[in-house]
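Using the sequences and the accompanying hints, generate a full structural model.
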Amino acid sequence: MLEEFLAFIRTMAFSQMTFGNIFMIAIAGVLIYVAVKKDAEPLLLIPIAFGIVLSNIPPLATGILNPPQTFPDGRFIPGGFMYYIKKGLDLGIYPPLIFLGIGALTDFSFMLSYPITIFLGGAAQIGIFITFLLARAFGFTLKQAAAIGIIGGADGPTSIYVSTKFSPELLSIIAIAAYSYIALIPILQPPVSKLLTTRKERLIRMNPPRKVTRTEKIIFSLITTLVTALLVPQSLTLVGPLMFGNLLREVGNVKRLVEAASRYVLDTVTILLCLSVGASARADIFLTPQSLLVFGMGAFAFVSALSSGILFAKFMNLFLKNKVNPLIGAAGVSAVPDSARVAQKLAQEEDPTNFILMHAMSPNVAGVIGSAVAAGVFLAIFK
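Letter by letter, the sequence shown follows residues 77 to 459 in this note's numbering.
Just so you know, these hints were derived from the structure itself, not from any lab. Among these hints, one or two may not hold up.
[Claimed, not checked] 25 Å max Cα-Cα, derived PhoX-like pairs, lysine-lysine:
(1) Lys287 with Lys331
(2) Lys399 with Lys421
(3) Lys270 with Lys390
(4) Lys163 with Lys219
(5) Lys397 with Lys287
[To be verified] Using C-beta positions, here's what the derived DEER-type ranges look like:
(6) Thr289 with Phe152: 55 to 63 Å
(7) Asp183 with Met93: 43 to 51 Å
(8) Lys397 with Asp360: 57 to 65 Å
Cβ coordinates follow ideal geometry from the N, Cα and C atoms, glycine included.
What follows is the structure, encoded as structure tokens:
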């Protein structure tokens with residue numbers, strides 16, 4: 077009886093726990109606190125945090141992350157639960173499905189009604205390329221630098237997709253950095269916006285957007301898919317599902333498919349993706365000087381993207397008769413619709429009757445396409 081009890085004790089994970097495991101579990105606790113108490117992207121941070129907890133219980137004790145094993149005598153032991161869940165992340169399956177759901181949720185009419193603001197979505201992607209150069213200066217390889225730079229697009233699925241292709245060893249830190257900074261948009265965007273704009277600029281009122289027809293929106297989905305496929309075919313894996321989801325939304329007679337893509341597919345894949353991201357954040361991978369440097373460069377990438385959009389809006393105003401409010405330039409990052417809402421809030425702090433949300437949504441959704449195209453450019457150059 078004593079022998080059996082001792083054998084049971086030896087199966088416990090306590091003896092295999094390291095300080096790094098404990099520290100990572102504490103980080104998971106902080107993420108859950110921020111998600112619940114501050115309501116900061118709870119749909120993303122809570123499953124990521126729980127995945128971190130799962131991955132930092134020593135795998136010899138749980139086997140939850142163990143790969144399948146085949147022994148010389150023919151015996152086969154299947155892999156752990158999270159091993160198979162993570163396959164969708166490792167093989168790059170989850171990000172395109174996320175884009176499908178985003179497309180089904182997104183209204184591109186704001187962008188089509190005021191197309192000049194599309195350039196702001198493109199300008200915000202400058203942060204991606206600035207950070208790429210910085211990462212190279214710090215000694216990262218071309219592929220690692222490209223994956224790190226994509227954080228500046230504030231697009232979690234795109235960051236993950238490029239990381240799975242270029243630098244799987246940095247996947248966990250890049251994914252967590254991307255989603256962490258997306259969650260911090262209400263904190264990061266206001267000081268950057270106020271620093272780079274004057275009160276007079278924040279008071280600018282923009283003309284109401286025109287009404288966009290359903291035909292225009294359908295044609296836009298098709299043309300964007302074709303142009304992307306011809307110019308940057310490597311980005312089609314992300315832009316294609318995005319436009320397909322949007323086409324389903326706009327045709328008007330496939331509501332069941334729209335509901336499936338925007339709710340059931342998107343919500344299910346978000347859970348699996350975020351759990352997988354968290355499960356990649358083992359202490360031995362995450363707690364390294366290189367990982368902390370990546371996290372710091374992620375912050376730089378994000379701030380650079382916000383700044384690039386604002387500064388380009390100010391540049392455009394030098395030539396435009398009808399000025400744009402530079403606050404919407406910060407919404408050129410891909411965090412839909414959070415960055416657009418923050419821009420609206422900042423404008424109303426100066427003038428409660430000024431509504432720029434619809435205008436801010438234009439660079440916001442353009443940024444989604446822009447970050448995917450930027451990823452395609454990297455994939456084409458460094459394949």
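Now the hints, each set against the structure:
{"no.": "1", "hint": "Lys287 with Lys331", "result": "holds (22 Å)"}
{"no.": "2", "hint": "Lys399 with Lys421", "result": "holds (19 Å)"}
{"no.": "3", "hint": "Lys270 with Lys390", "result": "holds (13 Å)"}
{"no.": "4", "hint": "Lys163 with Lys219", "result": "holds (21 Å)"}
{"no.": "5", "hint": "Lys397 with Lys287", "result": "holds (21 Å)"}
{"no.": "6", "hint": "Thr289 with Phe152: 55 to 63 Å", "result": "holds (58 Å)"}
{"no.": "7", "hint": "Asp183 with Met93: 43 to 51 Å", "result": "holds (48 Å)"}
{"no.": "8", "hint": "Lys397 with Asp360: 57 to 65 Å", "result": "holds (58 Å)"}
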